[in-house]
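Colleague: Chain residues, written in single-letter form:
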Amino acid sequence: MSIGSVPVKFRITVDNDRCMLCERCIENCSYGVFRREGQKIIPDSRKCTACHRCIAMCPRDAIDLEEKPNDYRSHPLWTREAREAIYNQAKSGKIILSGMGNALDYPIIFDRLVLDACQVTNPSIDPLREPMELRTYIGKKPRQIEIKKTDAGDYDLNTNLAPNLKLETPVMIGHMSYGAISLNAQKALAKAVSEVGTFMGTGEGGLHKDLYPYQNNMIVQVASGRFGVDINYLERGAAIEIKIGQGAKPGIGGHLPGEKVAEDVSKTRMIPLHSDAISPAPHHDIYSIEDLAQLVRSLKEATEWKKPVFVKIAAVHNVAAIASGIARSSADAVVIDGFKGGTGAAPRVFRDHVGMPIEVAIAAVDKTLREQGIRNEVSVIASGGIRDSADVTKAVALGADAVYIGTAALIAMGCRVCGSCYRGLCPWGIATQRPELVSRLDSDEAAVNVANLINGWTLELAELMGAAGINSIESLRGNRDRLRGYMLDEGIMDVLDVKMIGA
Amino acid sequence: MCGIISVIDRSGSSMDGGAIKKALAQMNERGNGEGAGYAVYGAYPDYKEYYALHVFYDNLEESKTAVEEILEKWGHIEHSEEIPTYEQSRLKKIQTPWRYFFRPDASLISGGISGEKDAVIRIINTVNTSVEGALIFSSGKNVGIFKASGWPEEVADFYRIEDYEGYIWLGHNRYPTNTGGWWGGAHPFNLLDCSVIHNGEITSYGTNARYIESFGYKCTMLTDTEVVAYLLDLLGRKHELPADLAVKALAPPFWDEIDRMDVSKKELYTALRMAYGSALMNGPFAIVVANTDSIMGFTDRIKLRPMVAAEYGDRMYISSEEAAIRTMEPVLDSVWMPAAGEPVIGRLKR
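In order, the protein sequence lines correspond to chains A and B.
Counting the first sequence from 1 gives a position; this note's numbering is that position plus 71.
Counting the second sequence from 1 gives a position; this note's numbering is that position plus 794.
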């Protein structure tokens, strides 16, 4: 006990004047914070994760939460986080795990890019009165098309089109596996994407049979553990995604704790009950780019070249060159995941220090593909820290065809970003497999919330485009002239290929 | 806002520049006296086998020597002269317009006629990006661009435009916004046989420019109009799309319309939009593009700029305003307003 206990992260207080002793807090808190003693509710603040479930369910607003109630002597270098990480590791001798995205105080580039609007010299377009096109095709596009003139004098297409996904909005939901999140959560996402005409990823968790009705809007994933992969799975997906890496933890594999591998999860993933599902860091059949090209072709052969194949990589220093290699395989899209991307569990040191922001990665990839004349060979899907329609608009203007959202979709279902997904006790029924917690999430209701979110963003995107005098998403894509950097340094603006405000 | 006018005589008969000067001046409300220009096809019958390169020189020492070195390295200058100009009270010769009749050296070029054109485009890019104080702004065979900063009448008188004759004329009256009234920024913009006049502002410029540069073109003119010429050159000459289909790539039908087309047409237009999404031009515009044998006018997909077409005998007119057309021909056979995104094409009879 030389170290003793570190200060509580959160302090919960219950206002006894307001409390009516309904015990909803006790019932709702899966972390066991609350107990009743006589005529009082007593909280054990140390167990609190700030998931807000109790606060959301308290009918009398009697619960208050305070973050970091105890101060350390402040020091600019030896921050609270630095000290607590040391206490933690001095006790455990282990790698520190954490959830959600990068938590270091890096500048958020999206917030230092501003969008353009029309005044006088050209009219803005009103999406309520004029057509506004957000339809997006994801997949290989021909570099040029060839025309045949028919006897009747009409033009006929003489070029074969590769299979593409047709999106009604450039917002998709990224891969969160069954196992990491609950079946109800996946169902809600699946219903939402089917409703709004977009797609979601299954993650590396197989495809539960309850999701078969939504399979036309689902992208199945082949990751290094190959969990859940068989021909049935591949054939059900609208597209197939090979996951090489993830923005929250580039260079390492995945880890689903055995606690979350319940019976249905084990069947869907095709792994033993309650065993840890550990995906290796690399794919052991991909040690080089030509091996990737082979896997892409194998998956295409297996599905008779009917499905687009995506390749997902984490945004790392050399992302543009890697994407260019991927574009030269038979792959149809490259997914780039920035270091603000979420995760159920990642080593803190990876989450906070490896990789790069998605804004820069999009710009670098789009620029390289254009310079090499192969931009039409692949679509670019950006993910990792997309929070709102402004982020989507800026990502597209930097060169992305579409985005994946993850955390935002979970927040739409109630997630409070407490970052304790890996514990499997999510009181919102999202990142858990416990039946009593999963049943808290009504998939129909949550589907409406997720669809509302995407619809709301889509409306905002249409308004932003209209204000910029653009009525088709193609004309926003890679249109960096409609962005300006505000408080960004010249080096970053150079990489982003955007001008400074006022220029 | 800008005013545009164009005319083709489909029988190939020549018209002098007097009429178009008056028509363009009719639209002075649309300009501000900072830029005007004319294009004439059939201008140089004596040198019609040569690329007529018009150059603006800031001075006739270093810049001119550098350009001529490049031209002589890659081909042969058949004839070289200053373009005759006549200073006006408001329009002085702040740049010297020069013309060369040039033929690239076939032995240095691979790829036949298309290779020859690519070679000339490369020479133009080299001059415009690397020679200080020189700008090649006209390069077609038997084509001449005459432009400067001033009102249409002043620019016409500066060049004595009525002394030139041709079967196609374009005129542009400018109200500059994006770039100040520099001479190179005036329209028509020209690349080889293709000349463009443009009223509007392309909101998709950033996308279009990056797209076209990935095919080796260089956007050097600081104006969105040049990108139109490059896109049409790419789609028409290199990708061999028929002109009307190339226009459909730049101003395509809406997905709603495409969804209602029959299967084969739907497939064609879907492919066109998928392949050429980055070539789609957004924002308000009315554009006329001239080639050796045709003029073609089209507007943006929701027609945010005016465009009217008319016919009288073999002559076909496309303009911002009917009044301008009637200045040239008071009584017309027909006048009509083309639909948004629909190309109007006038071709020489063979």
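Keep in mind the hints are simulated off the structure, nothing from the lab.
Honestly, I wouldn't trust all of these hints.
[Claimed, not checked] Calculated lysine-lysine pairs in the DSBU-like style (CA-CA distance at most 35 Å, straight line):
| id | chain 1 | residue 1 | chain 2 | residue 2 |
| --- | --- | --- | --- | --- |
| 1 | B | Lys1032 | B | Lys858 |
| 2 | B | Lys1097 | B | Lys935 |
| 3 | B | Lys842 | A | Lys219 |
| 4 | B | Lys858 | B | Lys887 |
| 5 | B | Lys1060 | A | Lys219 |
| 6 | B | Lys816 | B | Lys867 |
| 7 | B | Lys1059 | B | Lys1012 |
| 8 | A | Lys237 | B | Lys887 |
| 9 | B | Lys935 | B | Lys1060 |
| 10 | A | Lys219 | B | Lys935 |
| 11 | A | Lys371 | B | Lys887 |
| 12 | A | Lys371 | A | Lys219 |
| 13 | B | Lys1097 | A | Lys220 |
| 14 | B | Lys935 | A | Lys371 |
| 15 | A | Lys219 | B | Lys1097 |
[Claimed, not checked] Not close to chain A: a few residues of chain B, all C-beta gaps over 12 Å, as computed:
| id | residue |
| --- | --- |
| 16 | Glu823 |
| 17 | Gly827 |
| 18 | Ser883 |
| 19 | Thr923 |
| 20 | Thr1001 |
| 21 | Leu1035 |
| 22 | Pro1046 |
| 23 | Ile1052 |
| 24 | Arg1099 |
| 25 | Lys1143 |
Ideal Cβ placement from N, Cα and C applies to all residues, glycine included.
Colleague: Need the status of pair B/Lys1097, A/Lys220: alpha-carbon distance at most 35 Å?
Modeller: Roughly 29 Å between the alpha carbons, so the hint for B/Lys1097 and A/Lys220 holds.
Colleague: Going straight from one Cα to the other, do B/Lys935 and B/Lys1060 come out at no more than 35 Å?
Modeller: At roughly 38 Å apart (the allowed maximum being 35 Å), B/Lys1060 and B/Lys935 break the hint.
Colleague: Checking a non-interface call: every C-beta of chain A should be farther than 12 Å from the C-beta of B/Ile1052. Is that right?
Modeller: 10 Å, violated
Colleague: CA of B/Lys1097 to CA of B/Lys935, is that 35 Å or under?
Modeller: 32 Å, holds
Colleague: Please work out if A/Lys219 and B/Lys1097 have their alpha carbons no farther apart than 35 Å.
Modeller: Holds: A/Lys219 and B/Lys1097 sit about 30 Å apart, inside 35 Å.
Colleague: Below or equal to 35 Å on CA atoms is what counts here, so check B/Lys858 against B/Lys887.
Modeller: Status holds; Cα separation ~16 Å.
Colleague: Hinted pair, alpha-carbon criterion (35 Å max): B/Lys1060, A/Lys219. Please report holds or violated.
Modeller: 15 Å, holds
Colleague: The output says B/Thr1001 does not contact chain A. Does that hold with a beta carbon cutoff of 12 Å?
Modeller: About 4 Å separates B/Thr1001 from the closest Cβ of chain A, which leaves it inside 12 Å; violated.
Colleague: Taking the closest pair, is the beta carbon of B/Thr923 still more than 12 Å from chain A?
Modeller: Given a closest Cβ separation of 17 Å, the condition holds.
Colleague: A cut-off of 12 Å on Cβ-Cβ distance, and B/Glu823 was said to be off the interface with chain A. Does that hold?
Modeller: 16 Å, holds
Colleague: Quickly compare the C-alpha distance for A/Lys219 and B/Lys935 to 35 Å and report which way the hint goes.
Modeller: 30 Å, holds
Colleague: Given the hinted pair A/Lys371 and A/Lys219, is their alpha-carbon gap at most 35 Å?
Modeller: 29 Å, holds
In this structure, the earlier hints numbered 6, 8, 9, 11, 14, 20, 21, 22, 23, 24 are contradicted, and the remaining ones agree with it.
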